[in-house]
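*Asks:* Going down the list, the protein sequences come from chains A and B.
No gaps in the numbering here: position 153 of the first sequence is 153 in my numbering, and each next residue is one more.
No gaps in the numbering here: position 493 of the second sequence is 493 in my numbering, and each next residue is one more.
These aren't lab readings, by the way, just hints derived from the structure by calculation.
Just so you know, these numbers come straight off a predicted model, no measurement behind them.
Some hints could be false.
[Claimed, not checked] Pairs of lysine-lysine residues, derived as DSS-like cross-links and limited to a Cα-Cα distance of at most 25 Å, are as follows:
#1 A:Lys-84 / B:Lys-15
#2 A:Lys-211 / A:Lys-193
#3 B:Lys-458 / A:Lys-89
#4 B:Lys-287 / A:Lys-346
#5 B:Lys-147 / B:Lys-158
#6 A:Lys-84 / B:Lys-158
#7 A:Lys-253 / B:Lys-289
#8 A:Lys-42 / B:Lys-251
#9 B:Lys-243 / B:Lys-158
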Amino acid sequence: MFQENISELINMRAIILAGGRGERLGGLTDSRSKVMLPVAGKPMLQWLLHELEKTEVKEVTIVHYYAGERILTHFGSGRNYDLKIKFVKQHSDRGTVGSLITGLSNIENDDEEDRILILNGDNMVDSKSINSLLNIEANGLIISEHNTPHLFGVVEFKGINVRRITEKPDLNQIKSRMVSTGVWYLKKEVLEKIKLDFEEGQTELSTAISKQIMDGLKVESVRTENWHDVDHPWDLNKLNRYLLKRMERSLSKSAEIDESSKIEGDVHIGHGTIIHPGCIIQGPVHIAENCEIGPLAVITGSTSISSGCRIGPFTRIRSSLIMRDVQIDSNCSIHHSIIGPATSLKSNVEVDAASVEKNVRNTHYLIRRLGLVTGEACMLEQGVICAPGTMLGSQVVVGRRTKLDGEHETGSRISSRGA
Amino acid sequence: MCGIFGIIGDSDTTKLLMHGLKRMEYRGYDSSGICLVNGKKLIRKRAVGELSNLEPLVVDLPESECGIAHTRWATHGAPTLENAHPHISSKLDVAVVHNGIIENEVELRRKLQSLDKNLKFESETDSELVAHLFSVELKNSGIDSSKASEEQLLSYWKLVIEQLEGSFALAVVIKGRNDVIMFARKFAPLIISHDGKRGLLASDVSCVVGLTETVHYLEEGDWGIINNSRVQIFNSDGELVEKEPNKLEWKLGDAELGGYPTFMLKEIYEQPRVVRDCLRGRLSRDKIKGVTIPFRPRVLRIVGCGTAYNAGLLARYYIEQLSKIPVILDHAHEFRYGAPSGPKSLVIGISQSGETADTLAAIEAAQERGYPTLAIVNVESSTMARKVDEIIGIRAGPEIGVASTKAFTGQVLGGLLVAMKLGQDSKNFHREDLSYFDRHARMLPTSMERMLNDQNIKTKLLEAQQYFVGKDHAFFLGRNTSYPIALEGALKLKEISYIHAEGYAAGELKHGPLALVEEGTPIVVIASEGSSHKKLLGNAREVASRGAKVIFITHQEDELADSHADLVIKVPRTHDLLQPLLYNIICQLLSLNIAEERGCNVDRPRNLAKSVTVE
Chain A
1 MFQENISELI
11 NMRAIILAGG
21 RGERLGGLTD
31 SRSKVMLPVA
41 GKPMLQWLLH
51 ELEKTEVKEV
61 TIVHYYAGER
71 ILTHFGSGRN
81 YDLKIKFVKQ
91 HSDRGTVGSL
101 ITGLSNIEND
111 DEEDRILILN
121 GDNMVDSKSI
131 NSLLNIEANG
141 LIISEHNTPH
151 LFGVVEFKGI
161 NVRRITEKPD
171 LNQIKSRMVS
181 TGVWYLKKEV
191 LEKIKLDFEE
201 GQTELSTAIS
211 KQIMDGLKVE
221 SVRTENWHDV
231 DHPWDLNKLN
241 RYLLKRMERS
251 LSKSAEIDES
261 SKIEGDVHIG
271 HGTIIHPGCI
281 IQGPVHIAEN
291 CEIGPLAVIT
301 GSTSISSGCR
311 IGPFTRIRSS
321 LIMRDVQIDS
331 NCSIHHSIIG
341 PATSLKSNVE
351 VDAASVEKNV
361 RNTHYLIRRL
371 GLVTGEACML
381 EQGVICAPGT
391 MLGSQVVVGR
401 RTKLDGEHET
411 GSRISSRGA
Chain B
1 MCGIFGIIGD
11 SDTTKLLMHG
21 LKRMEYRGYD
31 SSGICLVNGK
41 KLIRKRAVGE
51 LSNLEPLVVD
61 LPESECGIAH
71 TRWATHGAPT
81 LENAHPHISS
91 KLDVAVVHNG
101 IIENEVELRR
111 KLQSLDKNLK
121 FESETDSELV
131 AHLFSVELKN
141 SGIDSSKASE
151 EQLLSYWKLV
161 IEQLEGSFAL
171 AVVIKGRNDV
181 IMFARKFAPL
191 IISHDGKRGL
201 LASDVSCVVG
211 LTETVHYLEE
221 GDWGIINNSR
231 VQIFNSDGEL
241 VEKEPNKLEW
251 KLGDAELGGY
261 PTFMLKEIYE
271 QPRVVRDCLR
281 GRLSRDKIKG
291 VTIPFRPRVL
301 RIVGCGTAYN
311 AGLLARYYIE
321 QLSKIPVILD
331 HAHEFRYGAP
341 SGPKSLVIGI
351 SQSGETADTL
361 AAIEAAQERG
371 YPTLAIVNVE
381 SSTMARKVDE
391 IIGIRAGPEI
401 GVASTKAFTG
411 QVLGGLLVAM
421 KLGQDSKNFH
431 REDLSYFDRH
441 ARMLPTSMER
451 MLNDQNIKTK
461 LLEAQQYFVG
471 KDHAFFLGRN
481 TSYPIALEGA
491 LKLKEISYIH
501 AEGYAAGELK
511 HGPLALVEEG
521 TPIVVIASEG
531 SSHKKLLGNA
541 REVASRGAKV
551 IFITHQEDEL
561 ADSHADLVIK
571 VPRTHDLLQP
581 LLYNIICQLL
591 SLNIAEERGC
601 NVDRPRNLAK
611 SVTVE
């Protein structure tokens, strides 16, 4: 009858926890949650679903809470995927376990032997690793090596099994460079115990399972080389670069590309987009639908431009993530930046990018290259110059020729010298 | 106004019919029914009220390859079981489903009675007569209907249709014939689809989406027969129609809730997308494209009903401000009583479905008077869209919630595009104005998205809701471009929460309606710009001094409102022309919350139906 997926034997089921906001992304999550932020042309959650389509998973329950409607409106009834997708709203914000329990209550989990795959909507992990996880004997966790493991849940081993997970340990207490990706494959009994502990106040999933492991639970580890976690704006750029590397060249037939413009390498240009004369676009670059670029604009290396954007003449954009409905006027220079939706940059705005140190919630980060980060609907007037690592909230208005640096909260109005 | 649905050539007939009825329920939910052709019998099941009442009755029905179904919005005859469709002839040999009104029912009833004094009518409906008429034709022919050829059946069917006056979309099945369904269309919409094995006919695309990719939209006066290998469509002159079917605009997901609790909420949240889609390819920094207005009118006439009328009122303000052309706005059903407006008049019809009978009639009257016509519609394959000279499709996607939300936003934008186009042509609206507008219009979807997710606004809405608890009356006030929003806000509240709300131009209040204001009366005041804003603040004070609880909806940069109302709700600041759309969203959300608190069914309010195809 209608297109329906009917799984005959074992129903491989997954729950995606997508209820959190992603506060550390500031103004970028004002009107949508982290999982809906675009990277390489699609919301993060959509990339994750595409990976799941390539695995043995048949049914996915997506648990949402913050700005859930944005997720529902984007995915519609979920029919476009080779998966049966259900959307469930969390009742209230009660941690990752609260999210999980909402998801579980929507799944019929009758068989004792059935296991459920649990993922975080803001974490990218590849289908190969997921399939490896699905093929293990009992309970499993995907782990990954990381340069700064102390920022995550560090994993200690006993053979291939997980012996302990320590969340954000002290630098001198780090026992390994392997961290938990938060992708679990768990049996019913483990989930039941998590539910019980929840009643006692244990709302954090990693900690809850860690406790069971200490009490003897066997969890096998599966290693991945392709894990991306997004917490901060600069993580978005990193993920954007990674995903763009895997993109192929495709120029929409309904795009109008002037023949004097050079489109080199792996470039995607969406339908209805106009590339004016004399532009240089050097891949990997993803330009979505209904954009207008140039004339004589230069877009290079690992840049994504979302739909409805206008990039003016002589503007150069490199290694950046430009979200939708952004208007950048002429002769701007934008590098290693993230420009939030509906932001307007008037002419001659210059962004410097360099290595930057940031302190977020008592944690120190060193970012290799960062330019400007804006929230939603910001307005930068002519000639604004941004120092590396400048971060703006939403609806920030910056006056002409201002030298901008530091961080400015939502609604700020800045002129002449930035703070 | 009803929805009809017919299927032939599929063994899963009952299941498919019920599925289709579910999709069409927004066309009417007073009663429903199905009729299957099974061997030598017609099996009919009907139930009063919502479709869920019919479900238990159809559980064990035998298999059938041919059936028709109906969901009713009662117009002629109360919503009772006897009046529910399908209707069946007294010999139980013909069953019919009908959408529309047979206007000569009195003479037809008399005629039938004179042919057979013992004839008993089961119902008070006009629809039932069609079953009797066809049954009589078959009897008079002397031919065994179970053996008659299709040509013969068609000739008798033609005799029936010719006797009917008024509007109809009809589907008829015959006892002993699981191989044919007869159909006809006049004024009420009907679409047909056939893939060589299975044939479908329905009042509405929502019924068949997911079952087929292409459909024929029947024209006025089309009629014919559908069997399990093909469909034959004849026009009003009796000629066979050979036409390529159209590709369906809708996808299955469009007609589904997709995780939302109600269609209304879903459609409210689709408004940012509607803004983007509606303005795409039409709005640019230097000119308005894709909007064709055949000449510069001397006077403009706008017709619409309900929410479309309110959109028309806002369009009137825009057009008059930006192009200086005078606009006469009429409720579509009143248009015909007015005087002609002379040469160089352009008539604009606004309708979400493009099937609204009143608005269609007004467009026809306009065309009879020789006026060029333009339609601002959502369904671009509709009757109105095909009737007028130019259309502006608002691209809002299917609107299933009976109370219109996203269509209003699209219609207002359509009106705005007309205003700016006329303004540019007349040099009243300059390039800088357009460029400035363009910048703000691109930010509008994000402003809406910010608003829809704003925790502050959500908290304020909850507070505002409290003012309506236990209240039976409420007022909405506005001035200038917020006056139409006041009307629309009141309409929404009325429609879905059943509170008696009225919208007024704020200046009118002291000329009478103020007498209705008492202690605790909730009054929503919607901000305007410039001098009208200050006056509104004064109006807020006025009603507060009579005991009203005032909710003031304004923008973030308004610093005066706080001291003039009990509760102030602030939305993002945008271009003056677009600001009313943001205020409107607050009104939508407010009504939705209040209605749900009261336990009302916001997608299917009592006594109402979507796309009113009767006058």
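*Asks:* Take the hints in turn and mark each one as holding or not.
*Replies:* Hint by hint, here is what the structure shows:
Among the hinted pairs, Lys-84 (chain A) with Lys-15 (chain B) is consistent with the structure: their alpha-carbon atoms are about 21 Å apart, no more than 25 Å. At most 25 Å may separate the alpha-carbon atoms for a hinted pair to count; Lys-211 (chain A) and Lys-193 (chain A) meet this at roughly 10 Å. Of the pairs offered as hints, the one joining Lys-458 (chain B) and Lys-89 (chain A) holds, with about 17 Å between alpha carbons and a cut-off of 25 Å not exceeded. Of the supplied pair hints, the one linking Lys-287 (chain B) and Lys-346 (chain A) holds, its CA atoms being roughly 21 Å apart against a limit of 25 Å.
Restraint check for Lys-147 (chain B) and Lys-158 (chain B): satisfied, since their Cα atoms lie roughly 18 Å apart, inside the 25 Å limit. Our distance criterion of 25 Å between C-alpha atoms is broken by Lys-84 (chain A) and Lys-158 (chain B), whose separation comes to about 48 Å. Only pairs whose Cα atoms come within 25 Å are accepted, and Lys-253 (chain A) paired with Lys-289 (chain B) is accepted, the gap being roughly 21 Å. For the given pair, Lys-42 (chain A) sits about 21 Å from Lys-251 (chain B) by alpha-carbon distance, which is consistent with the 25 Å threshold.
Between the alpha carbons of Lys-243 (chain B) and Lys-158 (chain B) the distance comes to roughly 21 Å, so the proposed pair stays at or under 25 Å and holds.
Of the hints listed earlier, the one the structure fails to meet is number 6.
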